[in-house]
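Heads up: the sequence lines are chains E and P, in that order.
Read in order, the letters of the first sequence are residues 1 to 622 in my numbering.
Read in order, the letters of the second sequence are residues 1 to 80 in my numbering.
Just so you know, the hints here were simulated from the structure itself, not pulled from any lab data.
Only a predicted model underlies this, so the values are computations on that prediction, with no experimental measurement involved.
Backbone N, C-alpha and C define an ideal beta-carbon position, used for all residues, glycine too.
Hints are not guaranteed to be accurate.
Over the 12 Å line for every Cβ pair with chain P, so calculated as not near, a few chain E residues [said to hold, decoys possible]: (1) T37; (2) G89; (3) A239; (4) T257; (5) G487; (6) T593; (7) E607.
Using 20 Å as the maximum straight-line C-alpha spacing, the simulated EDC-like pairs for lysine to aspartate or glutamate come out as follows [stated by the list, open to error]: (8) E:K573 with P:D39; (9) E:K573 with P:D35; (10) E:K573 with P:D61; (11) E:K509 with P:D25; (12) E:K573 with P:E16; (13) E:K573 with P:E60; (14) E:K594 with E:D433.
One letter stands for each residue in the lines below.
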Amino acid sequence: MSVRPADLRPCAAVGLRRSDEPVTVDAGSATRWPVITKAPSRMAVRPNLTDYEATCASFTWDAARAALDGLPDGGLNIAHEAVDRHASGPRRDAEALRFVRADGSTRSLSYADLAEASSRFAAVLQGLGVGRGERVFSLLGRCPELFTGVLGTFKNGSVFCPLFSAFGPEPVSQRLRLGRGRVLLTTRALYRRKVAPVRDDLPDLAHVLLVDADGSPEPGTLDLAELLQRSVPSREIAATRPEDPALLHFTSGTTGTPKGAVHVHDAVVAHYATGLYALDLHPGDVYWCTADPGWVTGMSYGVIAPLVHGVTALVDEAEMDADRWYRLLAEHRVTVWYTAPTALRMLMRAGTERARAHDLSALRFVASVGEPLNPEVVVWGQEAWGLPVHDNWWQTETGGIMIANLVATEIRPGSMGRPLPGVEVGLVARDADGAPVIQDGVAVLVTDPDVEGELALRPGWPSMFRGHLDEEERYRRCFAGGWYLTGDLARRDADGYYWFVGRGDDVIKSSGHLIGPFEVESCLMEHPAVAEAGVIGVPDAVAGQVVKAFVLLRPGHVPSEELRLSILALARKRLGAAVAPREIAFAESLPKTKSGKILRRLLRARELGLPEGDLSTLEAGR
Amino acid sequence: MTEQEAQETVRAAIGEIAPDVDPTDLTEGARLREDLELDSLDFLRVLETIAARTAVDIPEDAYAEVATVGGLTGYLTARG
Numbered sequence: 001m002s003v004r005p006a007d008l009r010p011c012a013a014v015g016l017r018r019s020d021e022p023v024t025v026d027a028g029s030a031t032r033w034p035v036i037t038k039a040p041s042r043m044a045v046r047p048n049l050t051d052y053e054a055t056c057a058s059f060t061w062d063a064a065r066a067a068l069d070g071l072p073d074g075g076l077n078i079a080h081e082a083v084d085r086h087a088s089g090p091r092r093d094a095e096a097l098r099f100v101r102a103d104g105s106t107r108s109l110s111y112a113d114l115a116e117a118s119s120r121f122a123a124v125l126q127g128l129g130v131g132r133g134e135r136v137f138s139l140l141g142r143c144p145e146l147f148t149g150v151l152g153t154f155k156n157g158s159v160f161c162p163l164f165s166a167f168g169p170e171p172v173s174q175r176l177r178l179g180r181g182r183v184l185l186t187t188r189a190l191y192r193r194k195v196a197p198v199r200d201d202l203p204d205l206a207h208v209l210l211v212d213a214d215g216s217p218e219p220g221t222l223d224l225a226e227l228l229q230r231s232v233p234s235r236e237i238a239a240t241r242p243e244d245p246a247l248l249h250f251t252s253g254t255t256g257t258p259k260g261a262v263h264v265h266d267a268v269v270a271h272y273a274t275g276l277y278a279l280d281l282h283p284g285d286v287y288w289c290t291a292d293p294g295w296v297t298g299m300s301y302g303v304i305a306p307l308v309h310g311v312t313a314l315v316d317e318a319e320m321d322a323d324r325w326y327r328l329l330a331e332h333r334v335t336v337w338y339t340a341p342t343a344l345r346m347l348m349r350a351g352t353e354r355a356r357a358h359d360l361s362a363l364r365f366v367a368s369v370g371e372p373l374n375p376e377v378v379v380w381g382q383e384a385w386g387l388p389v390h391d392n393w394w395q396t397e398t399g400g401i402m403i404a405n406l407v408a409t410e411i412r413p414g415s416m417g418r419p420l421p422g423v424e425v426g427l428v429a430r431d432a433d434g435a436p437v438i439q440d441g442v443a444v445l446v447t448d449p450d451v452e453g454e455l456a457l458r459p460g461w462p463s464m465f466r467g468h469l470d471e472e473e474r475y476r477r478c479f480a481g482g483w484y485l486t487g488d489l490a491r492r493d494a495d496g497y498y499w500f501v502g503r504g505d506d507v508i509k510s511s512g513h514l515i516g517p518f519e520v521e522s523c524l525m526e527h528p529a530v531a532e533a534g535v536i537g538v539p540d541a542v543a544g545q546v547v548k549a550f551v552l553l554r555p556g557h558v559p560s561e562e563l564r565l566s567i568l569a570l571a572r573k574r575l576g577a578a579v580a581p582r583e584i585a586f587a588e589s590l591p592k593t594k595s596g597k598i599l600r601r602l603l604r605a606r607e608l609g610l611p612e613g614d615l616s617t618l619e620a621g622r
Numbered sequence: 001m002t003e004q005e006a007q008e009t010v011r012a013a014i015g016e017i018a019p020d021v022d023p024t025d026l027t028e029g030a031r032l033r034e035d036l037e038l039d040s041l042d043f044l045r046v047l048e049t050i051a052a053r054t055a056v057d058i059p060e061d062a063y064a065e066v067a068t069v070g071g072l073t074g075y076l077t078a079r080g
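Looking at chain E on its own, in the form it has when it is part of the complex (with noise of 0.2 Å):
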């Protein structure tokens, strides 16, 4: 094996197609793809928004309130606009939720089902003196219980925090800890691994509940089924106000620790909103969102949206695989289906031909979240099961749809559409620093087509986040001159249509998941060998981008195929294959700015063989 640590090439490629292969996520070229034209008068189904300028003119969001029920006195609350109304009505007893097990047999529960059983585990947080607003976390797959549990949290006034499964112990604790996670919903595998370890650490948990403890829960943790058995469910639903936190979704930024963000009750109006006109829910639809619920995605479109439009939602509990998920699509007759680039970009590998080896007909509107959708792919689609894919793009923050292309109007392969009714966007000047520029408190605004801004949107749509949990000024940092910054560079064509181009700081999507690079960099510097470490992220083909590590050893280290693999296991331990390094490559230096901060910018100009700009804050001899 070659060691080069006079440079920064990776000592060991741990993969074969990395970094010198061609981008494939290919913002901004306009013009290169074919518009896809659309005939929405021969659509089979009406779709929901056919007149985009009229209805973006007329649209309010006080009226998209108006067709849900709320709660007498002017509340409301996201259970029972997702399940009590509908099993108080003609949607009794219809299919709410259909789980796959990983042997392709099913479960289902009508809307009848999902609200006692979600009355039952409001029962259990009432009987376990869970109050209004304090936080249930879940660490969970994609099971009934977690469903459950998410609306039985919104029915008994308490806060839900989803987690990913497959984060490492170090992720699992911070958030717990920084969310002062009052009952935790597990499996027994997953807490012995990740929770058990660190449980003396995290004071404020009070209840861990086993979905599958069997009548013998771990020391320290409660058997749920028999909570759940014992418990009397109530009818009454807690009196939430619109603006009381139901939500809490962490997610990462370039420095500090993850940011908890707060979501109300009121986000429901822009569920509702956005699955009537971005995902084009219909009553009778099946409809199957592949993202895990410990993710936005998931949590927005996988549960909250196609329940409040009391749909039948798939829920795949098996991993993913391109066989599966065709003979899922076929079998259960899914109409629309909402999925993510990684995902079928894995698809398009596997070859059009597997998806022709299935009856795809019932299948009516395909969407895509992520990140930006190379072209190749919204095409690809019309080749394997005859309909393109329908990029659109939103955030955490946003907590739902924002920018989409719509079933009805036309689409630009790569770019994410235009703004859905209600919200207003707008593209922020920056200055060379890359700060917005705001002049007497207001922001400029790029108004000629075809030239980067800072994507943005102005504050007032029911889904935006209400807070970073404990954190004011850094929720206040989030907003300037009139607007929320989102972070993300963007173009708006002579049309409308917005063109992602890339993250305006350090944060890293890989498969569609922000990566903060503080958290990893800090994971690593606790390896013994470890002096400093800079992050980034590398293109990928299937995953957009994948997490790159440089790390500087401490005197009396060398570089060795061993070292590396020990720093990568103790990097995939703490944090999970989700959120670790791909790859780590040996530096012999990082380059950094004069006050010592790690120079990401340059580390990756250099890796990618991109001009590295102004160097002139860079300290001297790097």
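Starting from the structure of chain E, add chain P where the hints point.
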């Protein structure tokens, strides 16, 4: 390829992509995704590593067959 060679190839590839996996967990029946906690990108990388070393390219339609350590070893023994 002999079964032992295949075993060593599989162990080495998993050890490089997911060095956090305890070698004693690499039992015949261990599922790469569910039991060893490899995610889909890890899984692809393991297959790529094996392809580079053995010239055995495992097609998508064999993914179900190679989902376990034993299945992957068996596949390589038969075709490597």
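Against the structure, the hints:
1. T37: Per Cβ check, E:T37 is outside 12 Å of chain P; nearest 32 Å; holds.
2. G89: 39 Å, holds
3. A239: 42 Å, holds
4. T257: Nearest chain P Cβ is 23 Å from E:T257, so the label holds.
5. G487: 24 Å, holds
6. T593: E:T593 is indeed farther than 12 Å from all Cβ atoms of chain P, at 32 Å.
7. E607: For E:E607, whose nearest Cβ neighbour in chain P is about 19 Å away, the distance exceeds 12 Å, so it holds.
8. E:K573 with P:D39: Between E:K573 and P:D39 the Cα gap is close to 13 Å, so the pair holds against 20 Å.
9. E:K573 with P:D35: 14 Å, holds
10. E:K573 with P:D61: Roughly 31 Å separates the two Cα atoms, so the pair is violated.
11. E:K509 with P:D25: The given pair, whose Cα atoms are some 31 Å apart, is violated under the 20 Å limit.
12. E:K573 with P:E16: Answer holds: E:K573 to P:E16 is near 14 Å, not above 20 Å.
13. E:K573 with P:E60: 28 Å, violated
14. E:K594 with E:D433: With a Cα-Cα distance of about 15 Å, the restraint between E:K594 and E:D433 holds, given a limit of 20 Å.
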